[in-house]
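*Asks:* All chains, full assembly: derive it from the sequences and hints.
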Amino acid sequence: MSGAVVVVTGALTGIGDATASAFARRGDVVVVSVVMTMSASGWPVISRTLGLRTRCSCMPTSGSSVRPPR
Amino acid sequence: MHADVRFEREATAVIATTVSRFGRLDVTVNNAGTEGRLAPVVESTILQYAATFGTNVLATLLSVKHELRVMQRQGSGAIINITSVFGDKGAPSSALDVASNHALIGLTRIAALGAVPFGVRINAVGPGYVDTAMFARAASPDNQAAGTGRVPHGRAGRPDEVADAVMFLAGPEAPYLTGQTLFLDGRVKAN
Numbered sequence: 001m002s003g004a005v006v007v008v009t010g011a012l013t014g015i016g017d018a019t020a021s022a023f024a025r026r027g028d029v030v031v032v033s034v035v036m037t038m039s040a041s042g043w044p045v046i047s048r049t050l051g052l053r054t055r056c057s058c059m060p061t062s063g064s065s066v067r068p069p070r
Numbered sequence: 071m072h073a074d075v076r077f078e079r080e081a082t083a084v085i086a087t088t089v090s091r092f093g094r095l096d097v098t099v100n101n102a103g104t105e106g107r108l109a110p111v112v113e114s115t116i117l118q119y120a121a122t123f124g125t126n127v128l129a130t131l132l133s134v135k136h137e138l139r140v141m142q143r144q145g146s147g148a149i150i151n152i153t154s155v156f157g158d159k160g161a162p163s164s165a166l167d168v169a170s171n172h173a174l175i176g177l178t179r180i181a182a183l184g185a186v187p188f189g190v191r192i193n194a195v196g197p198g199y200v201d202t203a204m205f206a207r208a209a210s211p212d213n214q215a216a217g218t219g220r221v222p223h224g225r226a227g228r229p230d231e232v233a234d235a236v237m238f239l240a241g242p243e244a245p246y247l248t249g250q251t252l253f254l255d256g257r258v259k260a261n
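So the sequences go chain by chain: A and B. The numbering of the first sequence is this note's numbering, which starts it at 1 and goes up by one. The numbering of the second sequence is this note's numbering, which starts it at 71 and goes up by one.
It is worth saying that the hints were derived from the structure and are not from the lab. Note that the Cβ used here is the ideal one computed from N, Cα and C, for glycine as well. Honestly, I wouldn't trust all of these hints.
So the derived list for chain B, only partly shown, Cβ under 7 Å to chain A, looks like this [what the hints assert, rightly or not]:
#, residue
1, 71
2, 84
3, 95
4, 99
5, 101
6, 102
7, 202
8, 224
9, 225
10, 236
To give an idea of the interface, some chain B residues facing chain A are shown, with a C-beta separation under 8 Å as derived from the structure [to be verified]:
#, residue
11, 72
12, 74
13, 85
14, 98
15, 133
16, 135
17, 204
18, 229
Over the 12 Å line for every Cβ pair with chain A, so calculated as not near, a few chain B residues [stated by the list, open to error]:
#, residue
19, 89
20, 173
21, 180
22, 184
23, 186
24, 189
25, 209
26, 235
27, 246
28, 250
*Replies:* Here it is in structure tokens:
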């Protein structure tokens, strides 16, 4: 099913990160949804597994509080 | 995409942005969740309830709602909700986590029933102890060792092992599987 469009919520760490990375390695298009934290360098770290560091397309949010990622 | 899917506007935006950019939606994995504050029933509060159910149940409900609307129009798709063995077991000190994960499995079942005529499958994965930040946060090192010591496999699961289960449920190998929860717990529930 390579090339599928996949959305993973809570993808910052742990199971979500591993799942997003697995789909990406298969060649799928993966959209990750996270409550974002910033790395020390100021860049969002999206996937520790893949080692991706990328600028994110950020949406305005409702000002909700940030919670620890799963 | 920065989105807090407890808010419907943001849950909708994740799906709408994806479909607008890529034209379709094949698989979604609803993993956003929390263990909440660990407490027994007699110490649980309304605020703790709102925080735990808001993330584990409401956020998943909103995500499934908007994912399913797109997949119904497509006539295909697979949704996987990440729950926990606490969706099938009790734990006296984790009242709201247990209750919310039971609700999540119920949500998966009822959503799957409605999705069947549209060719959309909805399942859940229920991990046991998994070596994640959540596990480290929720249990002291001693409690982690005690917990994994009760696992017949003798260790916590790995995130990539959960990912493998998700990919199985999302893939073509499981066309007749819907409304189910695949528990991935190192056989804890078999005890």
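*Asks:* When the structure is checked against the list of hints, which entries are broken? Sort them ascending.
*Replies:* 8, 9, 16, 19 and 26
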